[in-house]
Amino acid sequence: MDRAKNLDLAAEVKDVMIGVLELGIDRAQLDESVSLYSPAVGLDSLSLLHILVQAEERFGVEIDDEDVMAAELSDVGSLVAMIRTVVDAKGTGE
Amino acid sequence: MRQVFHLDTSQVPTHWYNILADLPVEVPAPRSAPRANARTNGTVPGVDGEGGDADVEANGHGTPVRPQLPLSMYRQSIGRTRHVEIPGPVREEYQRWRPTPLYRASRLERALDTPAHIYFKYEGTSPSGSHKINTALAQAYYYAQSGVKQMVTGTGAGQWGTALSMACLPYGMECTVFMVRSSYRQKPYRGTLMRLNGARVIESPSMETEVGRAALRADPDSPGSLGIANAEAIEYASGRKDARFSIGSGENHVLLHQTVIGEEALLQMEKAGEFPDVVIGAMGAGSNFAGIAFPFYREAMQDHPGTRFLAVEPDACPKMTRGSYLMDHTDYSGVTPMVKMYTLGHTFTAYHIHAGGLRYHGAAPIVSAMYHEGLVEATSYSQSRVFESGMAFARAEGLVPAPESAHAVAAAIDEAVRAREEGRERVILFGLSGHGLLDLSAYEMHLAGETVDVVPTDEQIQASLRPLIESS
Numbered sequence: 237m238d239r240a241k242n243l244d245l246a247a248e249v250k251d252v253m254i255g256v257l258e259l260g261i262d263r264a265q266l267d268e269s270v271s272l273y274s275p276a277v278g279l280d281s282l283s284l285l286h287i288l289v290q291a292e293e294r295f296g297v298e299i300d301d302e303d304v305m306a307a308e309l310s311d312v313g314s315l316v317a318m319i320r321t322v323v324d325a326k327g328t329g330e
Numbered sequence: 020m021r022q023v024f025h026l027d028t029s030q031v032p033t034h035w036y037n038i039l040a041d042l043p044v045e046v047p048a049p050r051s052a053p054r055a056n057a058r059t060n061g062t063v064p065g066v067d068g069e070g071g072d073a074d075v076e077a078n079g080h081g082t083p084v085r086p087q088l089p090l091s092m093y094r095q096s097i098g099r100t101r102h103v104e105i106p107g108p109v110r111e112e113y114q115r116w117r118p119t120p121l122y123r124a125s126r127l128e129r130a131l132d133t134p135a136h137i138y139f140k141y142e143g144t145s146p147s148g149s150h151k152i153n154t155a156l157a158q159a160y161y162y163a164q165s166g167v168k169q170m171v172t173g174t175g176a177g178q179w180g181t182a183l184s185m186a187c188l189p190y191g192m193e194c195t196v197f198m199v200r201s202s203y204r205q206k207p208y209r210g211t212l213m214r215l216n217g218a219r220v221i222e223s224p225s226m227e228t229e230v231g232r233a234a235l236r237a238d239p240d241s242p243g244s245l246g247i248a249n250a251e252a253i254e255y256a257s258g259r260k261d262a263r264f265s266i267g268s269g270e271n272h273v274l275l276h277q278t279v280i281g282e283e284a285l286l287q288m289e290k291a292g293e294f295p296d297v298v299i300g301a302m303g304a305g306s307n308f309a310g311i312a313f314p315f316y317r318e319a320m321q322d323h324p325g326t327r328f329l330a331v332e333p334d335a336c337p338k339m340t341r342g343s344y345l346m347d348h349t350d351y352s353g354v355t356p357m358v359k360m361y362t363l364g365h366t367f368t369a370y371h372i373h374a375g376g377l378r379y380h381g382a383a384p385i386v387s388a389m390y391h392e393g394l395v396e397a398t399s400y401s402q403s404r405v406f407e408s409g410m411a412f413a414r415a416e417g418l419v420p421a422p423e424s425a426h427a428v429a430a431a432i433d434e435a436v437r438a439r440e441e442g443r444e445r446v447i448l449f450g451l452s453g454h455g456l457l458d459l460s461a462y463e464m465h466l467a468g469e470t471v472d473v474v475p476t477d478e479q480i481q482a483s484l485r486p487l488i489e490s491s
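Going down the list, the protein sequences come from chains U and F. Here the first sequence is numbered in the working numbering, starting from 237 and rising by one per residue. Here the second sequence is numbered in the working numbering, starting from 20 and rising by one per residue.
If you're looking for bench data, these hints aren't it; they were derived computationally from the structure. Mixed in with the good hints, there may be bad ones.
To be verified - Okay, the calculated beta carbon distance ranges per label pair:
1. Glu258/U with Thr476/F: 38 to 46 Å
2. Val270/U with Asp41/F: 37 to 45 Å
3. Glu258/U with Tyr344/F: 22 to 30 Å
Glycine residues also receive a C-beta, built at the ideal position from the N, C-alpha and C atoms.
Work out the full structure: start from the sequences and follow the hints.
Right, dumping it as C-alpha cells:
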C-alpha cells in the first residue's frame, strides 16, 4: 500500500474512533502516538468491538476472532496497524 | 400413556432466531462504563463508598484492552440478520441430546380438573441437566476459535457453571467458576459436578479478587450474588492473557443461542396440532424465557396475535414486577457496560432463595424493552408456592423440576385453574428448563416445613436504585 493510501486508511480509522467514542475532536488532533487509554480516548472492550465492526463495514473486510483476541493494542497507531493488516491481506487475496 | 412429541436429530435447528430483526421496539444500545470506573484501580462502589474497581482492561497503566467477547458473538449481539446459522460443530454437539422432548402434561391437567391443554418443553435431558448448555457450547466454540485457553465465569445456582465446564471439554479449555456462596453451600453436588468436569470452583465472595475481598470486608457473612460472582470472574479473567470472562444469562447473543428451544417446540406443537394461547418461562436474566418465547413471538405476530408471553420471577427478586427501567451495570462492581433494563440495581443482593438462578438483579435488555412496550407480561411467586407447584408437578408427571423451572410450573397451574374457572379451553406451553435432582435438599427442607418466604421492602429496592436514578 502506498503512502497516500496509508494516510487515507489511518484517517478513516480515526474517523470511526471519533464517532464511536464520541470524542468530539478533529482527526488531526488524534495523533497515532496517543495512548488508547489516555483520558482523551478512553477505549474499553465494548467500544473496541464496535470500532472493529464499523471498520469491517467501511473497508468491506471481516476481521478474525483470533486476531482480535491476540491483539496487543497500546496506542492509536497500533489499532490503525491492526486494521491495515486485515485490509492489506484482503487486497493481496490472502 | 403420556403424550410426547419427539423430533429426530435431523430436525435440530440449523439456525438461531434473532428477534432483533422483527422487534417493533427499539432496544437501546449498551453504553460503556463511566470512564472514572474504568480507569481506577481500587475498591468496589457500593461496598466502601469509593469509585472504581479492579478492571485492568483500561486501567491507566497501559495494560492492553482485551475484548472479553469474540467479535463473532458481538456481531450476533448487534446484528439484524433474522436467522443466524449455527456452526456445524455446535449443531453436532446439540445433536448428542437434542431435540429435547415436548410433553403434554395430561396427568397434571386431570389433577387440576382443567379444560386447559398443558404442554411443556423439557430441557432437563441435556448433559448438564438444564437449558444453559445451549449457549455454553456455542460460546465455547467461538472462544476456542479465538485462541482462548481458559473460560472464567460466575454462576448462581450452578446450572450455568456446570454447562460451561462441560462445554469446555470438547475444546480442551480450562474452566474457572466463581459460584455464589449461598448456592455453593446449598447445592454441594453442583460443585462436585463442575469439578468432575475439570473446572476450578471458587466460592464467591472470595479472597482471590479485590472485588471479593471488598465484599467480604463489607459483610463477612454475605450470601453472595451473581453480580459479585461475575465481577470477580471479570477481574480474574482480565489479569490472564489467555483467559476470558463468559456469561450465560441476559446478553443478546445468549438469548439468540437459546432459541433452539422454541424453534423445536414450534415443530412439536405443530405435531400436536395446537398453538399456545400463553407461553410461560421462568425469568432469571431472561435466556430461558427468551429461548422458549421468541420463536413463538415471531409466529404469533403473523398468525396468532392474541398469544400471551409470561415471564415468571421470584417474589424475592422482582426485577420486572417491582424494578425500574434504567441504564444499569450487569455486574456488582459497575465495570461492565451499562444496558437499559428492568433492574433492582446492580448492588441489590436478593435473599438466598433456592432458585439461585433467578436472583440476578436485572432482566435482559431485549426482554426489558418488550416488557416496557407491553409485548410480554411478568408475574412473581413466593418460594413456598413455587415448591408446592414443583411437588404437584412431580407427583403428576414424575419429573422433579429445578426450583427455577418450578416458577413456570406455578404460573402454568394458575393459568390452567383460571381456564377451569372461566370454563374455557386454553393451550398453555411452558419451558421446564431443568431437572431438580441436584436440588433435593431444597425439596427436603420444604417437606420439613422450613421454606422461608422473604420479600424485599420498597425501601430496600429504592435504596439500591437511588444511585442509578440520581445519575440518570
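Enumerated hints in conflict with the structure, sorted upward: none
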